[in-house]
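Q: Spelled out, the chains give:
2 protein chains.
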Amino acid sequence: MKKLMITGFSGFVSRHFLNYLVENGHEYQVLGLDVNPPKFQLSEYEPDLKMDFKTANLLDKDVVDNVIKEFKPDYILHLASFSSVAYSWQHPAECFTNNTNIFLNVTEALRNNDLNNCRVLSVGSSEEYGNVTKDQLPLREDMQLFPVSPYAVARVAQENMAKVLADSFDMNIMLTRSFNHMGPYQDERFVIPSFIRRILNIKAEGKSTGEIETGDITIIRDFVDVRDVVRAYYMLLTEGKPGEVYNICRGQGVALSEVIDIIADIVGVKVSTRVNQDFVRPGDNQMVVGSFEKIKADTGWESQIPLRQTLQDMVDNMR
Amino acid sequence: MKKLMITGFSGFVSRHFLNYLVENGHEYQVLGLDVNPPKFQLSEYEPDLKMDFKTANLLDKDVVDNVIKEFKPDYILHLASFSSVAYSWQHPAECFTNNTNIFLNVTEALRNNDLNNCRVLSVGSSEEYGNVTKDQLPLREDMQLFPVSPYAVARVAQENMAKVLADSFDMNIMLTRSFNHMGPYQDERFVIPSFIRRILNIKAEGKSTGEIETGDITIIRDFVDVRDVVRAYYMLLTEGKPGEVYNICRGQGVALSEVIDIIADIVGVKVSTRVNQDFVRPGDNQMVVGSFEKIKADTGWESQIPLRQTLQDMVDNMR
Chain V
607 MKKLMITGFS GFVSRHFLNY LVENGHEYQV LGLDVNPPKF QLSEYEPDLK MDFKTANLLD
667 KDVVDNVIKE FKPDYILHLA SFSSVAYSWQ HPAECFTNNT NIFLNVTEAL RNNDLNNCRV
727 LSVGSSEEYG NVTKDQLPLR EDMQLFPVSP YAVARVAQEN MAKVLADSFD MNIMLTRSFN
787 HMGPYQDERF VIPSFIRRIL NIKAEGKSTG EIETGDITII RDFVDVRDVV RAYYMLLTEG
847 KPGEVYNICR GQGVALSEVI DIIADIVGVK VSTRVNQDFV RPGDNQMVVG SFEKIKADTG
907 WESQIPLRQT LQDMVDNMR
Chain S
607 MKKLMITGFS GFVSRHFLNY LVENGHEYQV LGLDVNPPKF QLSEYEPDLK MDFKTANLLD
667 KDVVDNVIKE FKPDYILHLA SFSSVAYSWQ HPAECFTNNT NIFLNVTEAL RNNDLNNCRV
727 LSVGSSEEYG NVTKDQLPLR EDMQLFPVSP YAVARVAQEN MAKVLADSFD MNIMLTRSFN
787 HMGPYQDERF VIPSFIRRIL NIKAEGKSTG EIETGDITII RDFVDVRDVV RAYYMLLTEG
847 KPGEVYNICR GQGVALSEVI DIIADIVGVK VSTRVNQDFV RPGDNQMVVG SFEKIKADTG
907 WESQIPLRQT LQDMVDNMR
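Chains as they are written, first to last, in the working numbering: chain V, 607 to 925; chain S, 607 to 925.
There is no bait here: all hints are sound.
Straight-line alpha carbon distances no greater than 20 Å define the calculated EDC-like cross-link-like pairs of lysine to aspartate or glutamate that follow: (1) S:K667 with V:E700; (2) V:K667 with S:D666; (3) V:K809 with V:D922; (4) S:K667 with V:D666; (5) S:K809 with S:D867; (6) V:K667 with S:E700.
Label pairs and their calculated CB-CB ranges: (7) V:V641 with S:R717: 24 to 30 Å; (8) V:Q696 with S:A861: 50 to 56 Å; (9) S:D668 with V:M607: 45 to 51 Å.
Some, not all, of what chain S presents toward chain V, calculated at C-beta under 8 Å: (10) P698; (11) N707; (12) M767.
Calculated from the structure, these hints are not laboratory results.
Cβ coordinates follow ideal geometry from the N, Cα and C atoms, glycine included.
Isolated chain V, as found in the complex (with noise of 0.2 Å):
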């Protein structure tokens, strides 16, 4: 049985990442790494995987080495990461140490362990790709680059450095820039579950219409299923090719309006927004959509599951 090891176990992602494993028949030993513990029970993954769990903090070189050099993994998903983009603006310096350090000290337990023939997916950002004007959409990988935060100038620095391990090292770790994903668990702090929230409880609290604060919902993303997102990172972990980054996105833009219209929709209310300037982050762009033809190209992924799915899911997810 194949070894496969996950950073950042706890979040909602590496859930889906199991749930499709286990859908598909995809038989594996996993160990989780996180600093915190799941939030679901490692038996339920039992006995499609073989299911383990490490508190262990990425930061600590030592003790991923241990890991590393104990459970000699065929596979990293590499998910973890400080992505708080307030946070980083707060501490510029930390959230780009943190970010490359965790990413380092994975790979260099690798080298150190002659486990070079591990191949690990190192999930990115299209925060990549900073500030971007509507002419140069729709985003492609081979785009420069403009960081604009201490977490995305960690992000581009993560990938050079990949791109160096692969091509001279000859390490095996491909590389995404993830856009806007989301899906059921996810957590309460990010817009999309925030919305579907504040709309179930109008629903609950018996109204038929109702109102909401928000940011600037003009603003245009390229959201893409969660479950679609983990079904590329399987296919891009067995398939892809090593040193390469691939933009993970469904290719359409879609309005935040359009969403919570969407949503009020499903929920079967009628709701109004209000913009709260503390909300609307200055800078941010007005649109991001990105190709995923490359991702295609290399390994037939494209997204399946439609928006309005997504958000009826999440939706039942949450009531």
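Model the placement of chain S on the given structure of chain V, informed by the hints.
A: The following block gives chain S in isolation, referenced to the frame of chain V:
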């Protein structure tokens, strides 16, 4: 008297920078930082400059914070780096983190001590461009970068972080991509001084002809005199635009074979060469030439010292 802090103080660039200040009547209170003591006497520069030196490891965040808190620099010339390419290939992660950490320790110390007004020149390298083809020459600052070594990746990350700190935290950080520089006092492990030493040895042995072992001497580089370089550093430190990166180069390519011919002519011997494949760097660029239009536009700088003069001065210094 304005306060100037110089990191990487004990290298040959710093020495030329101090010469430049004295020769041009610029008065500063200077604090030098380095892990090694300088090879020159501080008193050589007094009383024109007020000189002090501290042994300091810039990887130690608290040391950097304390020094900056106490000295309160108006200017920082940040020359320090871990620039050994050989070491960077043996220890890619360490090279990356050391380089980015010393830079971030300096910038965080400035932020933490309300010294965002301090003007910082962060010295980078033409290595950041990575693999280039002849049709891309001369290299311009707005080109897409393809760094191929851990050292170069760290430099690019440092640039990107500096841009974020300049754009979003109003820090006054200017950046360079300095091309191959040379001049008196340069360490003999570098390629041009090592040629000169061996050609001087032929002469010293009383011979009129001799042979030296080299790497690939057909490669073409954009060599610039260190005294031109430090003049550029002073102009950028005082007049450069924050968040901007500047090539520092002569804008002319010269083959290593031609450099050897000029040195032989100056020394007065005939020199033949034999390629030792151990010295040939696989994947090295055949030709690197930069554009100096940007720094010229923003400060008026361009190189002044002819190549033969530089080599003559180096020969005289090493005799």
